[in-house]
Every structure is written in C-alpha cells, then in structure tokens.
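A.B. asks: Take a look at the letters that make up each chain.
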Amino acid sequence: MLATKDLLGLQTMSVADLERVLETAVAMKEILARPLRKVPTLRGRTVCTLFYEASTRTRTSFETAARVLSADVTSISAQSSSIIKGESFKDTLLTLQATGVDAFIIRHHMAGAPHYAASLVSAGVVNGGDGMHEHPTQGLLDLFTIQERLGRLEGVKVAIVGDSLHSRVARSNVWGLTKLGAHVTLCGPPTMMPPAVQSLGECGRVRVTSNLCDALDGADIVYVLRIQLERQQAALFPSVREYAGLFGLNSDALKRAKPDALVMHPGPMNRGVEISAELADSDRAVILDQVQNGVAVRMAVLYLLLGGHEH
Amino acid sequence: MMLDARDIQRALARIAHEIIERNRGVTDLCMVGVLTRGYPLAKRLVDAIRKVEGKELPLGSLDIAMYRDDLFTTQPVVRKSDLRFDMTGKRVVLVDDVLFTGRTVRAALDALMDFGRPAAIQLAVLIDRGHRELPIRPDYVGKNVPTAREDDVVVKLEELDGVDSVVIAKGRR
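Chains as they are written, first to last, in this note's numbering: chain A, 33 to 343; chain B, 330 to 502.
The hints are simulated quantities; they were obtained by calculation from the structure and are not laboratory data. For every residue, glycine included, the Cβ atom is placed at its ideal position computed from N, Cα and C. Any given hint might turn out to be false.
As the list claims (entries may be wrong) - Per the computed footprint, the stretches of chain A lying under chain B, defined by three or more beta-carbons under 8 Å from a beta-carbon of chain B, are:
1. 48 to 59
2. 70 to 82
What the hints assert, rightly or not - Subject to a maximum C-alpha distance of 30 Å in a straight line, what follows is the list of computed DSSO-like cross-link-like pairs (lysine-lysine):
3. A:K37 to A:K122
4. B:K472 to A:K61
5. A:K211 to B:K409
6. B:K499 to A:K61
7. B:K499 to B:K419
8. B:K499 to A:K70
9. B:K409 to A:K37
10. A:K290 to A:K122
11. A:K61 to B:K372
12. B:K372 to B:K485
13. A:K211 to A:K287
14. B:K409 to A:K70
15. B:K372 to B:K384
16. A:K70 to A:K287
17. B:K384 to B:K419
18. B:K485 to B:K380
19. B:K409 to B:K419
20. B:K419 to A:K70
21. B:K380 to B:K419
22. A:K290 to A:K211
23. B:K472 to B:K499
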C-alpha cells in the first residue's frame, strides 16, 4: 500500500514508497518468468488507460501488467473517443469513473493534467507522462533496472545525455535517482537544459555540463535521451548531424565511462542520432531489459495502488 | 511453551519418515514450502529425507500473497516465489508452519496449479490448531494443538528468528 491514492511523480513520492515499489517489482518479475503468466490478484478491478498522446510501450506495458494481475482493462485514446466531439477532460473522467474504473493511467500533453484528474476522481490516478513534467513509472523501471544490474543505487554515477528540457523521463529519473542516493550528471547543449536546472533533484547530487567527455567520466550508467525530432522547429541545435557529432553516444565515446558501464534509453530510439546503431545492439545496452522490467514495475504500482483498501 | 527445539526436531523427523513410507520411497517427490515459515521447514524435511534415503528432493518456495482472498482488506508484502523445477507429473509435498482456517492452503493450491500439473499434492504442517473454514485436511501433522479462535500460535524458527519454539499466545475474547 502506498501513502497516496495516486502516483503522480517521483518528486513527491516518499523514499519508503519508492523502495516498496522496487521490492514488490522483484516478486512481480518472477511471475512474468512463469510458464503461465497470470495471477488472480486484481480480479474484479478495472484499469482504464486514457491517452491524449501517442504511445506504444507505456500503454502496452500498463495493459499487460493489468492483465497479468487479472484486472479488466478499458483503453481510451483521444483520437477514437468522444473527446473529438469536444467532451472535456473533466467530463471524460467522470463518465469513465461512473462506468466503474478503479484506476486511471493518464498521459496528457499538458503538465499537471493527471494531478487535476486525481483531484476530481476517487479512483487512483497514475501519471503515464504529462507534458514536459514527469513520467514516474519510466523513472521507477529505470531505477529497478539499475538496481537489478548493479545491486545498488546508493553512490551510482549516472550520466543523462540529451534534451533534458523537454524530457519528462529525465525529470522523473533525476528525482528518483537522487532520492535513493545516486549521483546524476545532466549533459546536453545549453539550449536543452531546463531553466533552474540546479534546483532539480535532492540538493548536491545533480551536476550539469555541456561536455560529453566530462559527463561520461567514471559513469556507471549512461542514460541517453531521445532527441525529439518533432520539436526541432524550435532550432535548439544547428543540425541533427552536428548534434550526433557532439552528443551522440557510440562505443568510442563510451570508453570514457567505467569499463562495464551500461547504456540505457527510454525509447523510441533515433539510431545514428543520439545513439549509434552498433551500441544500441551491443550487450552494453540494457534497453530491452528496461522494457521488460517496465511490465513488472507497473504490476507493482497497480498492486500497491489497488489492493489494501476499499474504494 | 508448546514445543521446544527438540520437540520440533522429533516431529519433523517423524514426518520425514511418514512421507517416505506413504510414498514408498521418494521417486518423483518434491517439496514446496509456503513463505515465510513453511520454507525453512520444507528445507529441514529435505535434509532429513536425504539422511534416510540418500536422495536430495527438489525444493521450492511459494509466496501466496497474490492468491489471497482478503487482498482488499489487508495488503500483504509480496515476496518472490522460487520454483525452478517442473512439477507436472510429480508428487508435491506442500509444507506450512500452522494450519488454521485452511485459507492459506487454498491459496497455495491455486498458486501451485499455476506452476504445473502435479500428479498429487500432500500437505505437511508443523501445527494443526483446528478451526477450519474450508474442507482441507493435512496428510502429515507435527502436533495437533487445541486452541481458541482468538489465540495466536507463534512459531519461531532458527533460520529466521534465531530460535526454535512454538508458543500459544492467549487471545482476548
């Protein structure tokens, strides 16, 4: 059971709750390795994914997690619902709740939309990504992957490379990692650093640099962010080619990091831009582990939010 | 104190012999302990059987939190099950510390069935304290202990608690 009815962000999540999710996910991962991937735990509960933005892995991952736990799943996307007839966010939520939804997974292009939703409905709300704010379950699955591979988070050095400005993944990771004792270096062009970047994370655990070599020096984990090519009208860097040359990660650049450093990426990848194809396919990359762990972590979140108390 | 370390040891030694006798050996037999205190007991039974038969039975641990019927009133901590052998066609001895209402065993049976299709499942418990709510009975019992429903039977095991003992804490009516 978590301290809150909702999971809105890692900035506001307690260390105890973070650890509870990570521990529970270990047991959930065992269920995924069974020949029969199904437990009856959330029978009779309904989970609704409400997505106002495109998604492949987050949505599939949540729906798989819910199904493995025997919850029923309703899946709404903005393009194929009454939202296109002009139904408001509030009315959509209240309508869905009236059909009997116990938890909403919400992705929205506006930061704070899941928080607003959480104040409207008595059902649990999980933030599946809100604008440029947070993507807490991505952060949790990244924490889980690092802990599983390295056996710890305390003292681990993580370099996050790329567009931190637009990245909700980066924000959730910075909060989650620093709360559990990791050190984070954010690296990217100065135009891609959020304003007041120093105020992110637990104080003293976040460093900022625009030099890739400097960021990679001694890193245990190199976390490559996706360059959001759809946002390139803003001209945050002169050309994709120049970005790839200065901030693109390949096995040559990775030599700066620890000899056994691991490479992570939240997907979807732009091969040849932020990460070389050769590195993405190498055994240093744990990108598919991240996807697999995502299901286990989201099972843990659903179990902890939906069990333990009557709605 | 209801049982001390020697009593527990004797009870387990007898159960080990009963298991061998009833199954006419240990062919196709495996042992599964319910987490947390059934597992160390299952491990001790495996050790005891090895001493008699010279064979090491496959041993697994089973967490039943995800199969409970009271999930929405209490929320148990979920632990990782570890069942790395195929139980299909095997005889499984399910081991737990205390048999009370039978609801834990019901959950454990459901959980086991999800891992495979055993030829048979037998139930071994250290303490049977009565008050069954489901039609479940044990095949091997360490000790039958009459209790009141409100009592609490506290089993401590060396592996987890540093001491072997069974104590009945009298409950208030």
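A.B. asks: Verify the proposed pairing of A:K211 with A:K287, using a straight-line Cα cut of 30 Å.
C.D. replies: holds (28 Å)
A.B. asks: For the stretch 48 to 59 of chain A, do three or more residues have a beta carbon lying closer than 8 Å to a beta carbon of chain B?
C.D. replies: holds (count 4)
A.B. asks: Keeping to a limit of 30 Å between CA atoms, is the pair of B:K384 and B:K419 held or broken?
C.D. replies: holds (15 Å)
A.B. asks: CA of B:K499 to CA of A:K61, is that 30 Å or under?
C.D. replies: With Cα atoms ~40 Å apart, B:K499 and A:K61 exceed 30 Å; violated.
A.B. asks: In terms of beta carbon proximity below 8 Å, does the stretch 70 to 82 of chain A have 3 or more residues touching chain B?
C.D. replies: Since three or more residues must qualify, the claim that chain B covers the stretch 70 to 82 of chain A holds, with 4 doing so at under 8 Å.
A.B. asks: Measure nothing beyond the straight line between the CA atoms of B:K409 and B:K419; if it is 30 Å or shorter, mark the hint as holding.
C.D. replies: Holds, at roughly 22 Å.
A.B. asks: Please verify whether B:K485 and B:K380 have alpha carbons no more than 30 Å apart.
C.D. replies: Holds. B:K485 to B:K380 sits at ~24 Å (cutoff 30 Å).
A.B. asks: Holds or violated: B:K499 and A:K70, Cα atoms, limit 30 Å.
C.D. replies: violated (40 Å)
A.B. asks: Given the proposed pairing of A:K37 with A:K122, does the C-alpha separation stay at or below 30 Å?
C.D. replies: Measuring from Cα to Cα gives roughly 19 Å; hence the hint holds.
A.B. asks: Taking 30 Å as the top limit, are the C-alpha atoms of B:K380 and B:K419 close enough?
C.D. replies: holds (21 Å)
A.B. asks: Given the proposed pairing of B:K419 with A:K70, does the C-alpha separation stay at or below 30 Å?
C.D. replies: Holds: B:K419 and A:K70 sit about 22 Å apart, inside 30 Å.
A.B. asks: Given the proposed pairing of A:K290 with A:K122, does the C-alpha separation stay at or below 30 Å?
C.D. replies: Outside the cut-off at roughly 49 Å; violated.
Going through the hint list in order, the structure does not satisfy hints 4, 6, 7, 8, 10, 16.
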